[in-house]
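Trainee: So the chains spell out like this:
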Amino acid sequence: MWKFLLQRLLLFVPTFLVISVITFVLIQAPPGDYINSYATQLEASGEEASEALLAALRKRYGLDQPVYVQYVKWLWGIFTRLDFGHSMQWNRPVGDLIWDRLAWTVVISFFTIIFTWILAFPIGIYSATHQYSGFDYSFTFLGFVGAGIPDFLLALVLMWLGFAFFGLDMGGLFSEAYRDAPWSWAKFVDMLKHLWVPVVVLSVSSTAGLIRTMRANLLDELRKPYVITARAKGMTEWHLVLKYPVRVALNPFISSIAYVLPQLISGTTIISIVLSLPTTGPIQIRSLMSQDMYLAGSIFLLLASLTILGTFISDILLAVVDPRIRLE
Amino acid sequence: MTRRITRREFLVVSGATVATGLAAACGPSEPDVPVDAAPAEAPAADEAAMPMGKYREAPELSEMVQAGLLPPVDERLPADPWVLPVLREIGKYGGELSSIVADPTANLFEISNARGAAAAGRSYDLGSIIPIAVESFSVNDDSTVLSVSLRAGQKWSDGTPFTTEHVSFWYEDILLNEELTPVVNKKLAPGGETLKLEVEDDFNFKLVFAVPYPVIIDILPSLSLWAPKQYLSQWHPSYNENADAKATEENFDAWYEAFQYHADAGETQQDVDLPVLGPWVFEKQDTQGNTTYVRNPYYWAVDAEGNQLPYVDRLQKLVVENREVLTAKILAGEGTHHSWFLSLADFPLYKQNEASANFTARLHPDLRASEMGLAFNYTHTDPVLRELFNDVRWRQALSHALDRNEINELRFAGRGVPRNPIMHPGPLFWQEGLDQMYTAYDVELANSLLDQAGLTAWDSDNKFRLRPDGEPLALTMEVDAGRADLSETGNLIKSYWAAVGVNINVKGQDQQFYMQRMRANEHDIGVWAIGGSSEPYSRQNEPIRYRPPWHWSSTPLGGPLWRQWLDTDGAEGMEPPDIIKELWETTVQWQAEPFGTDRYKELGLKMLQINAENVWLIGTVGLVPRASIIRNTVRNAPDSDNILSIEYGMWTHFQQEQWWIES
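Same order as they appear, the protein sequences are chains A and B. Position one of the first sequence corresponds to residue 0 (numbering that gives the first Met the number 0), numbered consecutively onward. Position one of the second sequence corresponds to residue 0 (numbering that gives the first Met the number 0), numbered consecutively onward.
Rather than coming from a laboratory, the hints here were simulated on the basis of the structure.
Ranges of calculated distance between the beta carbons of each label pair, as one might list FRET restraints:
#  : chain 1 : residue 1 : chain 2 : residue 2 : range
1  : A       : 102       : B       : 78        : 49 to 59 Å
2  : A       : 29        : B       : 252       : 23 to 33 Å
3  : A       : 43        : B       : 188       : 20 to 30 Å
4  : B       : 475       : A       : 182       : 47 to 57 Å
5  : A       : 182       : B       : 354       : 30 to 40 Å
6  : B       : 516       : A       : 102       : 34 to 44 Å
7  : B       : 354       : A       : 176       : 15 to 25 Å
8  : B       : 413       : A       : 16        : 56 to 66 Å
9  : B       : 91        : A       : 29        : 45 to 55 Å
10 : A       : 95        : B       : 580       : 51 to 61 Å
11 : B       : 322       : A       : 165       : 17 to 27 Å
Capping the alpha-carbon separation at 27 Å, the derived lysine-lysine pairs in DSSO-like fashion look like this:
#  : chain 1 : residue 1 : chain 2 : residue 2
12 : B       : 195       : B       : 205
13 : A       : 58        : B       : 245
14 : B       : 186       : A       : 58
15 : B       : 185       : B       : 605
Over the 12 Å line for every Cβ pair with chain B, so calculated as not near, a few chain A residues:
#  : residue
16 : 15
17 : 18
18 : 116
19 : 133
20 : 204
21 : 229
22 : 236
23 : 241
24 : 311
25 : 316
Here the structure is a predicted model, which means the values were calculated and not measured. Where a beta carbon is used, it is the ideal one built from N, C-alpha and C, also for glycine.
Isolated chain B (complex conformation) (with noise of 0.2 Å):
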């Protein structure tokens, strides 16, 4: 099977949003033309009769080209540049996006993901992953070949045209760089081999991998492969040998942390002449973080009428130090759209504030399988509670044990659902119900079956149940201290616990500690905020909610020796009963079929099934919306029934660079 995406299959094959949008885009005007052949038509010659030439740009560009600058807009571009279709209607130059985040080096992911430019980019329904930096790319039919192609006359924001040797320059002397890369992430390593690149011209390459890696195409939307050499290069010992001294002069230790510093287009950029791809370009931030990002004029990207993009011209972070100023600000109207720092308890107020500030507050679907999930030390030093929390009725009976519509109603205003971690409704492999067993709340079933479990013993007082060895049942659940909702429902459990007679004692530990504590195999009940369940996130990371320890190994919830186990073929760890080396075989296949196909929903559907049924991680409330505030002015943007989650990458996929603001 060969999956070749290119942006026309796309425009072709992903149907009536995308078509309904480019009709509209189209205009009257020319009604007949294909939008994206548009631009490769008009012949090139044209240009110096018409001296507007074939695009549009920003009126601050066409001055810059007026002065001599920049090169013309025609020039800029490259010659067939992707045609982006817009939302709702083609929009108007000028104006600013911001936010405001109450931490100055987070992620601010309102403007983050709209600088970046990855290989490729989930389409506006989530749907299919189209090509975004690049032309095209396939992959083969063992997927053991990426194939991309590049777009020819792309360029830089520096203006210097993006070409395989860029490609090179990132493989070469950044991934295989001991001192840049002391360590290849895994998923650039399949099978534990380091991906090989082979250039085939200045606009053609093949990634190739050691096993069958189908899940390539998923990751792509969080890869660059590729580096700014013409500005880089100069800190790099393999282009300049006084790279040391270079370092030095700047006050580096060595020259791989300037270049480091030099090459950084996250949140912590420093340097204001880093060529990008994006739409953006990073302009400057001060001491408190403040930062704004400046129209990247050689975007390679038009509208439907040949509107060279961004509409907007600046980006803008603003730093505040808490919420509450946060919060204050927001409801003054300041900033263009919020939602990773808005919390959903204030729900009501935004909407109070919405006529005076002039913005609508929506609240969107998201992800999160669950809001607080636990999962016990399957893998305990002490015997008889490693043996208790084996014992599926003793997991079965606790999750009974658990008012869900309560913890819903107290902690969330109901706007949750009461369930397992499994998964959200929707993958390709769902199956109704999976996230509802064993969570009706029933005290009677809960206490039988713990009876069932062995636990029939109770102390003097009658108020707890004794372990089994008739020592004193008591369990302690250590939360993230910092993190005051954990512990809130994490006593809203003890309480509900205590009703079936199961004593536990919640603990905020700091939070390095706690990890540290997990990882040592020593704490009774791992606690954590259970994201990272979805399907894309399960499939471009790893199924991290969906084998032990359930969660990442610096972070196990619940049985880290199994993991070591399986992770060193037995040499170390503890060996896990059957049903978990089955589960794990069953991940590893998932990850090892290519997305979409029957043997993919058949595994993946068994990966949810043995977890449900097994219930090792429990749930309280998932699902819960997210809000968002977007300022009434700015056009294009997203409506309530889309998803805004992180496992989609928040933004990412609703493509800024097509916003636009109305005066």
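Just chain A, same shape as in the assembly (with noise of 0.2 Å):
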């Protein structure tokens, strides 16, 4: 097991500098770069940004040297003074940007994941177990109404109807009041009032497909015959499934850990900016729109390596669930 662990553990490494890599050369990929878009947003605005500026502001930066010799100072920072660089677009270092939102994002995927399992885990058992019940049919068909539903519409719908019928101010995690309020249970409660949104939202896809996943493998052990021996064996019915085929049927679950935390992560973005919620995904956007590379490079690394985690979590889960697995 401890082998298997370190295994995995070194495995992160490498991992994590092929990503970043990646990371790097793609933000740079697109012609121009942040010294074009602060020229234009300069114009904009009635001053003119001569090449002679340019030229020199790119020095400022260190845009004029390489991009191997960029992503190593750039790297460089990170292992040896947590330094992520600093954002251009906003004066500041990206560590001060980034931290508070990924926490969010982190609360927002927690959140979501574990209300798609109270949702999933109980439909998903009671459509496998009264197969072809009208139940069941209600649930497929509403799990396939959601799967199909663009999340970004039905978060529109959502803010639309929360304003017209409740006069809920939909925008953002907190109401005007609490904005700038020190934690409190208050604050808290009116979070709750606003999370609750974003968290259905983004639930609602991933929901269907679980519900769909727990019912296949659940129908799938069912028909073994352990089951049958168990049930002639006389054991009450709820007692067996939980016990046994559900058991079984539960590694989706946890395997979905590692594909579920990038799924929302980049389904927050779309998301939050339709939200307007504290999450890196519209610094993101915004950061690769303005080619604000050291900043967007660092949310999609902190991102890459959430991922790596969550894989890596979710194998361990998954090893300790499933005896089955082999550690080798």
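Fit the two chains together into the complex; they arrive one by one in their own frames, and the hints show the way.
Mentor: Have a look at this one:
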């Protein structure tokens, strides 16, 4: 087991490096750089952006150096002093900008996963044990509808409903009164009032998928001889189902941590922009558009690390939950 | 000719608006006292006897004075403070001005204009340029020297007296420092030579130019000729030999990075301790970009009754991530005033919600010459196309082929003016009809002009014209893919031009890539939203809409090689035709002429005429009004007849320090 963990941990490092290289190169691939978009801004406000000025700025920010030099400098800063570089667009260290937002991304993703499980787990079991019943059909129908609706559209509709019928101010995670307030119970309740919209929106599509997987896996298990044997021995039905087939069918839930994390994080980008949430999504898009590369690169790097971490956790959990998995 | 505009003179000369404003402001109690002289008359010795002092201040500041945290208001204000004429009535202290921005690092003009303190600004009626952060300024006869007097006793927000020491610091240690200012802004280097500073005493200095530079007055509203030396010098190696070590300690690579971080007073300001001269001071910004500003206790302006300005306690900038949320928040009544992020298409929606959200939605005149304009690449690498584009009949024909009325109806609810982008009516040298030349929608005329230009052959389907050399005529119109409005109008243009047999393909393109192609002279048609065409803009910056390449050189819409030739005196680029040389000469002379002279008007008109006759820049619909929303409790704010335009700095001249909130 320890060897397995160590192997996994060691794999973490090269994966991280490869991701960081790809990220850095991809961000720099489009034509122009941050200085170009800065020049556009300057001109929009009526200042001439002369070639000499742009060249001087490039030198200032080190953008005139080859990509690999910029990359090594950036990575060196991260490893030696946890310095993710300077966001040119925001005029402040990248670190100041992203930790808060990363925390919110994790919080929203966490609530979403929990919510998805709470919904998908019992519904999946019910659908499998009551296959082709009226409820099974209803859940299946709703599941497919949920999977089919584009999430940003659902977010817009929910936001409009909230505004039109309940007078709720849906953008953001807090109402005006609590935005600046220190943390308190009331602020937490206010946050929950806003948080449910993104959580519901983000859960809808992944819930549908998980219900289907749970149902299919459980159906397979329920037909297996050991279930019939247990039933013949007089085990109560619920005890039986929960103790054996469900445990086996649980595997997809656990491995889903690995893929749900990146899915959620890319999903939150659009939802966060639509709902104006303080996650990494909006800042990520904006930094990409203005080619604020250290900010963009750092966000990608951290999100990628989170994904690797998610995979790592799900691997361990799978190994723990399912003894059939070999640790070689 | 000496132009000397002091505050007093401005009060005298600027006529009825201000006079009535002041009369109302003075009230019945002291009708005979000239307002701006009032503070100076009361003897200073009375201060001990009258604990209230000459001036009044906000209650929160009184409390701080009583607690010993601040000196009394009379000591904080200069002996002769700036008396700002209020628009309608003397206000009450308190409240907050706030607005919402849909992009955290974008400039929120709604409040950012209120924070600055430039040397000068435009009067409320936009008719004159008045001193703001300085006592007075004047230009000598040949416009080579600008003399400026500072107000004695005026202080920074930290209480430090504001003197020429701060001007010297800005000049010697920032402007002339090659690391902080790698390239001196052209505005500060007339004739290619950086202006010189001559300090006379603590309150008087001169800026000396190498060549006559009358435009200096026009650009004063955008200049701050000083910096808070008392604070920033600690990051500057001329004053602190450990500046580099200090920068490293703060996690910067070099001293100038640390310096710029602390000196940043813009939208991305981080340092809360940076002293400023403006009415409000930066308080805090969270990681989402929500920002607040609080009253500057040392602000050096009062109203006619001696109340220290600003009336409003705080400014707040709220950040959301997209325009839908922004609209929802505005309709729910959040924020006190909005304009920059409003959309004309949503105007009926704003109107519907006026009562429930307690605001008034208005339309103001704006000065944008054309919401979309286009120029052909007059220095195209293909000689056949180049010759065609340079034929004035080609340009006239394609201008006549546009159904601008339909564009106006479809895209702007008929609120704009179909026109070519030739300024807006109203500058000193305007001539009626210039913007309407060759704009009549006339397909027949367009066809015959194209025939005259040699495009008589058509393709086998009889659908599109062939080039004079028999090749198919197919042009690509690239537009910024991020601007849906431009591609929509672009597609309308495609259909109008197809009707006269000219085939274009509209292609969305990444903005930076597109700009790169334009700089490399690789485009067929240059497309942009045509702002920056107004008289003040053309004076302050450069007449970007009236000479090649009809935009900034970094985004050359048409003829980048002509501009290169003109900039390098013929060493590089492509030699332009005589008419372009004449146009260039006219714009250069116009820039060198003092504002308002007969020759200024003559040259300005000539500049417009040459452009109108040659239609190098073809426009669609311009002068589309700008929407504003102002909460009904906000007083002394502008009306719908006031121009609200980025060309005049949006809200700047509405002096938000004299706005107040009715409770």
